[in-house]
Amino acid sequence: MNRKLILSILIITVIVLPLIGEEMNSQITSELTSKLEAIETVKVGMDTLWVMIAAFLVFFMNLGFAMVESGLCRAKNTVNILAKNFIVFAIASISFWIIGFGLMFGDGNLFAGLKGLFFVKGADNSPAVADAYSGVYSALNWTGVPLFAKFFFQLVFAGTAATIVSGAVAERIKFHAFIIFAAVLVGIMYPITGHWIWGGGWLARLGFFDFAGSTVVHSVGGWAALAGVILLGARSGKYSTDGTPKPIMGHNMSMVTLGGLVLWFGWFGFNPGSTMSVGDGSVIAHVAVTTNTAAAASIISATVSSWIFQKKPDLSMIINGALAGLVAITAPCAFVSVGSAAIIGLIAGFFAVIAVFTWDKLKIDDPVGALSVHLVNGIFGTLAIGLFAEDGITGTATGNGLFFGGGLKLLGIQALGTGAVAVFTFAGAFILWLILKIIIGIRVSKDEELKGLDLGEHGGEAYSGFQILN
Amino acid sequence: MNRKLILSILIITVIVLPLIGEEMNSQITSELTSKLEAIETVKVGMDTLWVMIAAFLVFFMNLGFAMVESGLCRAKNTVNILAKNFIVFAIASISFWIIGFGLMFGDGNLFAGLKGLFFVKGADNSPAVADAYSGVYSALNWTGVPLFAKFFFQLVFAGTAATIVSGAVAERIKFHAFIIFAAVLVGIMYPITGHWIWGGGWLARLGFFDFAGSTVVHSVGGWAALAGVILLGARSGKYSTDGTPKPIMGHNMSMVTLGGLVLWFGWFGFNPGSTMSVGDGSVIAHVAVTTNTAAAASIISATVSSWIFQKKPDLSMIINGALAGLVAITAPCAFVSVGSAAIIGLIAGFFAVIAVFTWDKLKIDDPVGALSVHLVNGIFGTLAIGLFAEDGITGTATGNGLFFGGGLKLLGIQALGTGAVAVFTFAGAFILWLILKIIIGIRVSKDEELKGLDLGEHGGEAYSGFQILN
Amino acid sequence: MNRKLILSILIITVIVLPLIGEEMNSQITSELTSKLEAIETVKVGMDTLWVMIAAFLVFFMNLGFAMVESGLCRAKNTVNILAKNFIVFAIASISFWIIGFGLMFGDGNLFAGLKGLFFVKGADNSPAVADAYSGVYSALNWTGVPLFAKFFFQLVFAGTAATIVSGAVAERIKFHAFIIFAAVLVGIMYPITGHWIWGGGWLARLGFFDFAGSTVVHSVGGWAALAGVILLGARSGKYSTDGTPKPIMGHNMSMVTLGGLVLWFGWFGFNPGSTMSVGDGSVIAHVAVTTNTAAAASIISATVSSWIFQKKPDLSMIINGALAGLVAITAPCAFVSVGSAAIIGLIAGFFAVIAVFTWDKLKIDDPVGALSVHLVNGIFGTLAIGLFAEDGITGTATGNGLFFGGGLKLLGIQALGTGAVAVFTFAGAFILWLILKIIIGIRVSKDEELKGLDLGEHGGEAYSGFQILN
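Residue numbers (my numbering), protein chains in the order written: chain A, 188 to 657; chain B, 188 to 657; chain C, 188 to 657.
Hints listed in this document are in silico derivations from the structure and should not be mistaken for laboratory results. One thing to keep in mind: the hints can contain errors.
Since the list gives no way to pick one copy over another, a pair counts as held whenever it fits inside one copy or between any two copies.
Simulated crosslink set (DSS-like; lysine-lysine; CA at most 30 Å straight-line) [what the hints assert, rightly or not]: (1) Lys638 <-> Lys498; (2) Lys498 <-> Lys308; (3) Lys499 <-> Lys624; (4) Lys302 <-> Lys550; (5) Lys624 <-> Lys596; (6) Lys596 <-> Lys302.
In this text, all values refer to a predicted model and were calculated from it rather than measured experimentally.
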C-alpha cells in the first residue's frame, strides 16, 4: 500500500468517522435519554400509585378502629365512640397539615424538624431522590414520589396513633377534651418522636430500626393512652371495692369482628406500604407474608391461651390476638424471615392475653384492650428486631439480632429507643391530660356515665327502636 | 493531497458511510422501537390498573350508601332499603351496558351520543389515544386504557347517581317503581347530561369544568331525588299538622358510621381515579390531598355548626358533614389548592347542616339528608370552580376563578351548566316519576308504611329475634 | 477510479468501519440492555403490585363470608360463626405455608406436588419466567412475580375454600372439630385437586380450564361442606316430623348485605387478579366486566325467581343471587364474551333460587345457602366453559364451547374434571368428617344447640345488652 492510501484511510478514520459517529451517537443518546425519562416517569408513577393505594388502605383502618372500639363497649356509649373515631381523623388531617408534617420531616436538628414547618409549604423538588433532591424534607428523599404522596401516606399513619388513644379512654372521656388532646398529639408530640426515628433524628443516627411503626405509631399511641387512663380512672363499676374486676361485655361482636378484619386488611397497606416504592415488588411480597404469618400465628396462640386461662376461646381475645401479632410484626416485618415472623406472632398472641389480666390486676381499666395490643406489643415488636433481625434479608443493613449471632448491640439500641420514646410520650401526654383535667375536665359526670355518653354528649342514641337492657 | 485521495474520501463519506450508518441506525431504531413499545405497554398496563382499582373503590361505595341510608332509617324498613341499594347497581350495570354508555360517550351531536349506542359494541382501537384513536367513543380518547376499562369506570359512576336517589325516597317508595326509575335514570337521563359535560357535548365546548362529577353525578342524583320526594310527599308522621318536623331517628348509627367511612374510602377512587391515567402520579396525589382536606374541614365545620344549632354535636350531622365536603370537592379537586380545598370543605359542612333544617321548613322530607349532601353541595362544588380555580394547578387550563383574579367568566359558565343540568334532570325526573305514579303508583299503602316496608315488600325483617320497639 | 482508490475504500469499509461500528453498537447495546432491565424491573414490580393488591382484596372476602354467614344465622350462634370465620384464615395461613403450597404447586407427578413441599422452601429463581425459570414450582413459572407473591395469592384462595364450609355446617358444629377439618382441607385435600388443575397435574394436561376457581375453590368447598352437612344432620327444629322445612330467619340482614357487597368487591381481586400479570391491562378489564355483568344478571334473575316462587323478592335470595353469578363466572370469566357472561349470570341466579328449595326437599340443611351458591354454581360455571367459550377471546387457546361451534369435546373434559374433583373431595371429606365424628364428635349437644353455641363454645354472647327473643 502506498502513502496516499494510508493517508486517506487515516483521514477518514480519524476525522470523518468520529464526526459522523458523534452525530449518530448524539442522535441515539437523545433517543435513549427520552426512553430513560419515559421509564423513569413510569417508575415514579408506579411508586406513587403504590404509596397512594397503601395510604388508602391505612385510611380505611379508621373504620376498623371505630368498629372494634365501639363494639367492645356498651350500646349506650356507641355514638360517642363512633363520633370520636370519625372526627379524630379530621382533626389529625388538619393538625398534621398545619404543623405535624413539618415538625416530623422538615430538616432541623436531632430532635425536631425546623424547616418547611407549616402547611407542607417547604421547598421540595420531589420526586427527585438522594443527591438529586433539593428541599427541606430530606429525611424522605429516599422515596421517589411527589411531596403530597409522602404527606398523605404519613398523615394516615399519624391519624392511627390518635385513634389508638380513643379506645382506651372510652366510656368516660369528655368529647371535647379528647379532640384537643388528639390535635396536640398529632400536631406536636407524635411528630417529635417520629422525627427522632423517621425524620433523621438522633435515634435514626444511632441505628434504631422501626420499619412501619411498632414504636413510632403503636407504642406512642399506647403511652398516650396509658397516661389518659391513669388520670381518668376506671369506669364506674369496673372494679369492686376489693379490687375484683367485673367483666363489662361489648355490645356488638359482629362489629368487633368486622373491625378486626378491616384492620388486618388495612395492615397490608401499613406494613408493605412502608416500602414507599415498588422496585421489583419482592420486599412488598416478603413484608405481606411476614405480616400475615405473624397475625395467623398470634391468633392461634391467643386462642389457645384464652382456651387455657378462660376455659373457652373468647372471641375478643381471638381478635385482639390478631391485632397483637400485627402490631408486633410492624417494626420487624422487613427485617426478619417468615419463620421468625411466626414465632413473633406466637409470642405476641400470648402477651396480648396475659396483658389483659395484668392490667386488670393493676386496676388499669382499658375497655377495648388497646394497651395490651398497641403498647405491650408495640414494645415487644420493636425489641423483636434486636432478637430476630437477619442482616439484609430484604436489602436493609440492620445487622443481625441476638438469635442470629448479632450479639446485644442491636437489641440495646432498640431498647434505648423504646425507652426514650416511652419517657417522652408518657410524660408529655400525662402533662397534657393533666392540664386538660384542670382547665376543662376530662371525665364526664357520674350521672352521664350511668345514662350513657350518647345522650349526654350527643343527644342521640345508636340503636333507636331497639330494646336495650342496660 | 491529490485528487484521488479526496475522491476516495468523498466516495466513502458520501456513499458508503451513509449506507452503513443507515443500516446501523435502522437496527438501533428497531431495537429502540421495541423498547419504546415495551415502555408503552407497561404504561398502558399501569394506567389500566389504576383505572380498574379506582373503579373497584367506587363500586365499594355501594356498600357505603347502603349502610348510611339503611342506618339512618327505621329498623322496619331496613330490608327494603338494603334490597334497593343492592339491586340498583345490578340494574345500573345492565342499563348502562345496553344503552347508557353509548348515549354518554358515543360520537354524536352536542346533546347526545349517537354512534356505538348499544352494548359497548362501537368501533374502537383503545388504548390508542388522541390522533391515533379511531373509533366512535372519541370523547374518551384522552385516556390510554382499553375500552372495557373506560366502560367499567364510567359504569360505577353511573351507578352512584341512582343510589343517591334511593336514600331520599326511602321508607315509602314502592320497590318496583324505584327499580324502573333507576333503569331509566342510568340508561337515558344521566348519560344525556353526562354527554354534555364529559361526552364532548355543548357544556364541554363552552369550557364548563367538573373534574369528578359534583354535577355529572351528585347534583343529577340530587335533582332526580328531589322530584321524587316532592311527588311522594313526606313520611307519615314526619310533620305535624302545624308543620313542625318530628325527628325520626335512624336505627343503627354503627352502620351509618361504617357507611360514611366506606364512602370516604371509596372517594379516593372517585376523585383521584378520575385522572384515568397515572403519569408521574402527582395529580393523583394532589387530588387525594384536596379531597381528604375538604372532608376533614367539612367535618369540623359541620360539628361546630351542629354544636351551635343543636346544642350538642349530632353524629349524623358529623357524618353528613364529611360527605358534604367530599361532594363539594369532587368537581374542583384537581383545579384548586389544598388551602382552597380546606375553605371549600368548611363552607360545605356548614351548608350541609343548615340545608337539613331548610328542607324541613319546606316540608321536603329526605330521611337520610341526601339532598343536603348531594344536591346542595353538588351545586356548591361545581360553582366553587368558578371561585377557587387556579389555572393549570395540576396541568389543566381552566383559567382562574373569581378569587384568583379570573373575574366572572368561569363562574358564569359553571352557573350556566349547573342550571341547565338542573332544569333537564329535574323536569325529566319529575315527568318520569309522574308517569310511574299514574301507571303503577310510587307510594306504598299507609298500612304498609306503618308496619314497615320490609314485611310489605319483601316478606321478611332485618333483625329477626331482636326485640324492636316501633 | 484506480485500483488504489478502490483498495482504500475496501479496506475502510471492510476492516475499519465494522470495528468502529462494533464499538458503537456494543456501547449502545449495553445502554439498551440496561434500559431493557429497567423496563423489566418496572414490569415485574407492576405485576407484583397487581398480584398483591388482588390478594388483599381476596383476603378481604373473609369479612364478606363472616358477615353473610353470621347474619343469616341466629343471634345466639353469632360469636361462634364469627370466631370460626376469623380463625379459619389463620389456620389456612399456617397450614398452606407448612405443606399446602408445596403439595399444590411443587413439581411432582400428575396427582400431587412432591418437591419443595414444606414451608415454601423449594429452589426458585422467580420472577424468572418460562425457560429462564429454574426451580421446583414450575407450574407457576408463567407469571413473573416473586415467589412470596405467588404464595400469598394462592394462600388467600385456599383460605376461601375452607370458609365456604363454615357456613353450611353453622349452628351445630363443634368449634375444634371444624378447626381440625379446615387445617386438613387447606393443607392436604384442596392442594391435591388444585395440583390436578393449576399445578400441572392430569386435568391441566387434558385441557381442563378453570380460570379463577369455580371448581378449584368453590365446588371443592361445596363438596367438603356437603359431606359435613350430611354427617351432621339438620339443625333441631328445621324439619318437622313430616319433613316440612321450617324457615329459620337470619338475625341481621344489614350484616348479610354488607357481606354480600364485600364479597362482590373482593371478587374483583379473585377473578381479574387471576391473570397474575398486567400486560396492557386488557384481560383484567375484560374479566372485571364479565364478572360484574354476570353478578348483575344473576341478581336480576334471582330477584325475579324469588318474586315468582316466594311471591315477594326475598333479600337473602337477591344477595345469594349475586354470589351465585360470581361463582358461576369465576371459571369462564376470561374465556367468554360479556354477552355470554350475562346469560351465565341469568342462569346462575335461577339455579341459586331453585337449589335452595331442592336442598330443603332433600332435608339437606344448609343455613346460609352455601351449597346453592358455591357447589351448584361452581359446577355450573365450570361446565359453562364447555358451552360458552370462545377460543382466544382474551388470548388463551381454550377452543370453542358447544354454543360456538366447538362441539362436545371441551364440555366433555370440563364434565370429567368436575366429576373427578367431586368424587375425590366428597369422598375425602366424608371420611375425614367421619373420623372426626367417631373420635371427638362433630355436633354440639342438643342442650347447647338450644341455648346457642355462643354460650356453649365461647362463654360469651354477641349482643350483650340487647333484648333478644329466641
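Hints, verified against the model:
| no. | hint | in the structure |
| --- | --- | --- |
| 1 | Lys638 <-> Lys498 | between (33 Å within a copy, 18 Å between copies) |
| 2 | Lys498 <-> Lys308 | neither (57 Å within a copy, 37 Å between copies) |
| 3 | Lys499 <-> Lys624 | between (40 Å within a copy, 21 Å between copies) |
| 4 | Lys302 <-> Lys550 | neither (44 Å within a copy, 54 Å between copies) |
| 5 | Lys624 <-> Lys596 | neither (41 Å within a copy, 54 Å between copies) |
| 6 | Lys596 <-> Lys302 | neither (33 Å within a copy, 39 Å between copies) |
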